[in-house]
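Participant: Here are the chains, one letter per residue:
Number of protein chains: 2
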Amino acid sequence: MTTTATTAGSTALSAARLTEKHRPTLDRALEAIRSREYWSPHPEHPKAYGEESAVAGSLSAGQGQAAFDALRGSRFEIEGQPGTAGPQGGWASTEVSPYGLEMGIEYPRPDIDVLLPEMRKAMPAWRAAGPEVRAAVCLEILARISARTHEFAHAVMHTSGQAFMMALQAGGPHAQDRGMEAVAYAYAEQVRTPETAAWSKPQGKRDPLELDKRFTAVGRGVSLLIGCNTFPTWNGYPGFFASLATGNPVLVKPHPRAVLPLALTVRIAREVLTEAGFEANLVALAAEREGEGIAKDLAVRPEIRIVDYTGSTAFGDWLEANARQARVFTEKAGVNTVIIDSTDDYKGMLGNLAFSLSLYSGQMCTTPQNLLIPRNGISTDAGEKSYDEVVADLATAVGKLLGDDARANAILGAIVSPQVRERVESAASLGEVALESRPVEHPDFPGATVRTPAVVNLESAKPEAEAACFSECFGPVSFAVAVDSTADAVALLRRTVREKGAMTVGAYTTSPAAERLIEDACMDECAQLSLNLTGGVYVNQTAAFSDFHGSGGNPAANAALCDVAFVADRFRTVEVRRPAESAPAQD
Amino acid sequence: MTTTATTAGSTALSAARLTEKHRPTLDRALEAIRSREYWSPHPEHPKAYGEESAVAGSLSAGQGQAAFDALRGSRFEIEGQPGTAGPQGGWASTEVSPYGLEMGIEYPRPDIDVLLPEMRKAMPAWRAAGPEVRAAVCLEILARISARTHEFAHAVMHTSGQAFMMALQAGGPHAQDRGMEAVAYAYAEQVRTPETAAWSKPQGKRDPLELDKRFTAVGRGVSLLIGCNTFPTWNGYPGFFASLATGNPVLVKPHPRAVLPLALTVRIAREVLTEAGFEANLVALAAEREGEGIAKDLAVRPEIRIVDYTGSTAFGDWLEANARQARVFTEKAGVNTVIIDSTDDYKGMLGNLAFSLSLYSGQMCTTPQNLLIPRNGISTDAGEKSYDEVVADLATAVGKLLGDDARANAILGAIVSPQVRERVESAASLGEVALESRPVEHPDFPGATVRTPAVVNLESAKPEAEAACFSECFGPVSFAVAVDSTADAVALLRRTVREKGAMTVGAYTTSPAAERLIEDACMDECAQLSLNLTGGVYVNQTAAFSDFHGSGGNPAANAALCDVAFVADRFRTVEVRRPAESAPAQD
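Protein chains in written order, with full-length UniProt numbering: chain A, 1 to 587; chain B, 1 to 587.
Careful: at least some of the hints might be erroneous.
Because identical chains share one entry, a pair is satisfied inside a single copy or across any pair of copies.
Dumping the calculated PhoX-like pairs for lysine-lysine here, alpha-carbon to alpha-carbon at most 25 Å [claimed, not checked]:
| no. | residue 1 | residue 2 |
| --- | --- | --- |
| 1 | 121 | 201 |
| 2 | 296 | 400 |
| 3 | 205 | 47 |
| 4 | 462 | 385 |
| 5 | 21 | 462 |
| 6 | 347 | 21 |
| 7 | 296 | 462 |
| 8 | 205 | 385 |
| 9 | 296 | 121 |
| 10 | 205 | 347 |
| 11 | 121 | 347 |
| 12 | 385 | 347 |
| 13 | 201 | 296 |
| 14 | 462 | 205 |
| 15 | 296 | 205 |
| 16 | 47 | 121 |
| 17 | 205 | 21 |
| 18 | 296 | 47 |
| 19 | 47 | 201 |
Hints are computed from structural coordinates only; laboratory data are not their basis. Here the structure is a predicted model, which means the values were calculated and not measured.
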């Protein structure tokens, strides 16, 4: 290829360096998704970052804070991204920190008609780079993001409302793990078909038919990432990296309240792409002004061939129905159930559940909502416990966990939006309140809305229970639901998952029969099950490289993070075949 | 599992035998999809079948004919399939042989409300069997189909209109290859995640967090196969076996004109399932009466979670838009292009193209339609050839190939429907006819409609060319299109693939620059390219285990046969995790 030889040459040099640097990590990630044993290259401890730390060249806590502060109240330039200066372009500033901190950052709001053609133009060279170089470039992007984990922690905290430690961990290393997992899956699938094959079909006494075949992984087209408010990086990175690694440009449309974490990601990705000799426009940011709702327009553009979305069921369903020119991956709302049948660690169970309900004020798509408890009570290592005792003891456990305001703030974080605040404030209208939500003062951010979780008692037989149990009540509100028996609980679980979907199911039981009933229900309805968690692992947390997030087989999500199906249809394999004697044309 | 131990035990015995029998073939198929070199376990030669033949226990030519004749004019019972006897059930007879042979076979037209729940009930035991046993059962079904290849040949011939030899090969071994390829892909993807994992996360000085995890591949639900008229088995088997192998029951809704090949398949599958200890209702047939159009009702049933469809773009688009509770795989219409730039084997090119246009009267989704030829002519090993010469020489080549009526009948087969006959008869209305279609008498079947292909001249600049080039003209009508240059041809190719889709692209060129232009266009628009075919391989034929059929990346089809994406989303992985110290409950 004479015309592109110079570019290709310099790219190859840089690409070779990146590949050499990241190949061992890629191989280790590939091994992790095969064994699904514990692994992570991204440290969780805040002290692992900073000069002379485990993460080379990373920002320390103080440097991360300073970098974040420097961004506030300014224009977030993305060098070279087209479409912002023209008459249809502009800038947008829509973030409101749940902690009340003034953000005041302006982001590019590009003219899509200018931007999208530039993104498409960047595809051929990215395709020609091949799966290994694309993976190496993605891992370099992740490495640079990792080095700025402290900066991202503040960005995630002040957009999602997560407490600092959670923002650092879930928004930093855990999100980076999920991104790397997607890169590993994407790489593995692209190299499953060989680059070339010599095909020789016997023809009896005649000469065999002989063809040379070449197979190339080609991206589908521009991939649209529609970000969410609560986990902008954790929920965004799988689709972002899966699409980029499979040869697709990625247009990032962040949630208007959570732009910064993804804007930083876009800027870092463009830097790396440029340095590696590729077009920066393989990754771009499209912020929007208040109320514009540009996702609807973007999602149905013919250039958009993949959509990744996390958010409401209503818009997810709309995307699935309307963005038919694209492959649409959605994570929508679900209703998560915990069945409490019996336990040999009553205290451990209560503590584990209390933490699950409290973490990030229940604002996780994986937080349990319906706690199904037999009305005749349960057997435990601390004796038989009546329904009322179980509910009261759980309320006490939550109260103890959050009794100290400093600890409460560290676990709860802030309420992400006025809608969630209203929901918890009106919890009493849903039934008898077994545990009341209380406001907590934040010592550093007086403007933060912090609330402890509410637990509401419901009678499964009553119509109001039906209404409450069968709709997602996103935020710190859970229902203790009295059921006739564990079998009834399983029947209710089945119906809930089938009709409303579920990201998680939890259960506590010492009975093999009950365990089998619950497992069978989860297999039949396709839901991920955590059994008897009483220690430091919670039903609402999943670990990349090992746990699947969602199943992709019930209404809560049409994809799981991360599996083969999440990556395999983001690229297609184009075959060129020719008679074996005719070698491909050479210059 | 006390309650199912007896069944599981007897299944295990039979399953173990099947696994032992078929594991070597499965391993060989897995190797074939990795290397994509030539391989097939199903012989193409009619004489390979029969007693004392390579295929153990197979029907000879005479036995196959007799078996087919015995089916005609009778009721095709499917033992034990529920829903036919009830008030909403019944029988349907809709086949019309394109050769004029009286078929008169009645098939079950079940009450879906009775049938579907029985199919769902069969899922848990099929899921519990695991990927290897499911693969072995599928390979046993294929082995029994293979043994009856001669019977299938007649069934395919008298429903599709294919000539006998093609019906035997494409409807027999080639279809069986595609089915086995799907089984291999399905098996490989299901075992990619381990069955169990021990997860241990270090916690500094504290004890590590430890979980035992189990991963189970679970089918999505009932899979609906909507069969096509022209290739009932070849186009049906990939989806049928991919779904069954991944744990899903399969409901087969054949095309009303091509029921028998799939009805035989269903009956054989049910026999094997029963013998292996599984529910026969994992596979069922739903025939329909004239004009009922039950596919529309079936496709949107909540029990249906997967749809495989081959047919018109209109209904394929409808399925994609409406069957949103299901994962929908479609192969629709496309417009296939051949670019003729230059050749070093003019005679070989003409012969190859003549055969491609003639095979099965052009009634293949892969038959070339638009032949783009520079108006200033082309360079060949036989000197410069003007546009008119190329078209005239191609017409002569077709004439020679089909000059002998016996050979013409053996290549052309019969016209599948009155719609196709009308299309070829009105070809002259589309432009100047360069090669006229002629009727051919069939010595054995005087009722057969046999037609040679027509070639119509078009001027790319004229509006009527635009209309003709941009719509699929299914059947023996092709267009010779005069273009300004090869670059113009490539531009037209790009537009055609992007707007209308293509299952195949062919090109002839000796110019490296032209070759690169064409390859780049196929990469950009995601189309499968055959270059310089002049021998015994044709652009409209693909070989299982090596070639991809369609790309899944342009409007002609949203999936390719067969790749990872075709199987990976037919099952989901359900994870059950629990603290490591608590072993799963045992009886």
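Participant: For every hint, state whether the structure bears it out.
Facilitator: A quick look at each hint next to the structure:
1. For the homomeric pair residue 121 and residue 201, neither the shortest alpha-carbon distance inside one copy (39 Å) nor that between copies (44 Å) is at most 25 Å.
2. In this assembly of identical chains, the alpha carbons of residue 296 and residue 400 never lie at most 25 Å apart, being 45 Å within a copy and 57 Å across copies at closest.
3. In the homo-oligomer, the alpha carbons of residue 205 and residue 47 lie at most 25 Å apart only across protomers (16 Å), although the nearest pairing inside one protomer, at 73 Å, exceeds that limit.
4. Proximity of residue 462 and residue 385 under a CA criterion of 25 Å is satisfied intra-copy only: 23 Å inside one chain copy versus 85 Å between copies.
5. With identical chains, the CA atoms of residue 21 and residue 462 are never at most 25 Å apart, being 61 Å at best within one copy and 56 Å at best between copies.
6. Taking the shortest alpha-carbon separations for residue 347 and residue 21, neither the intra-copy value of 48 Å nor the inter-copy value of 53 Å comes in at or below 25 Å.
7. For the homomeric pair residue 296 and residue 462, neither the shortest alpha-carbon distance inside one copy (39 Å) nor that between copies (38 Å) is at most 25 Å.
8. Taking CA atoms no more than 25 Å apart as the test, residue 205 paired with residue 385 passes in neither setting, with 82 Å inside one copy and 35 Å between copies.
9. Taking the shortest Cα distances, residue 296 and residue 121 sit within 25 Å of each other inside one copy (23 Å), while across copies they are farther apart (40 Å).
10. Taking the shortest Cα distances, residue 205 and residue 347 sit within 25 Å of each other only across copies (23 Å), while inside one copy they are farther apart (79 Å).
11. Proximity of residue 121 to residue 347 under the C-alpha cut-off of 25 Å is found in neither arrangement, the shortest distances being 60 Å within a copy and 39 Å between copies.
12. With identical chains, the CA atoms of residue 385 and residue 347 are at most 25 Å apart within one copy only, with a shortest distance of 12 Å there and 89 Å across copies.
13. Proximity of residue 201 and residue 296 under a CA criterion of 25 Å is satisfied in neither setting, with 50 Å inside one chain copy and 42 Å between copies.
14. Taking identical chains as interchangeable, the C-alpha atoms of residue 462 and residue 205 are never at most 25 Å apart, the minima being 80 Å within one chain and 50 Å between chains.
15. Within a single copy, residue 296 and residue 205 get their C-alpha atoms no closer than 62 Å, and across copies no closer than 50 Å, so neither meets the 25 Å cut-off.
16. Taking the shortest alpha-carbon separations for residue 47 and residue 121, neither the intra-copy value of 42 Å nor the inter-copy value of 54 Å comes in at or below 25 Å.
17. Taking the closest pair of Cα atoms, residue 205 and residue 21 never come within 25 Å of each other, the shortest separation being 52 Å inside a single copy and 31 Å across copies.
18. Proximity of residue 296 to residue 47 under the C-alpha cut-off of 25 Å is found in neither arrangement, the shortest distances being 42 Å within a copy and 60 Å between copies.
19. Proximity of residue 47 and residue 201 under a CA criterion of 25 Å is satisfied inter-copy only: 18 Å between copies versus 62 Å inside one chain copy.
Figure legend: structure checked against the earlier numbered hints; hints not met, in rising order: 1, 2, 5, 6, 7, 8, 11, 13, 14, 15, 16, 17, 18.
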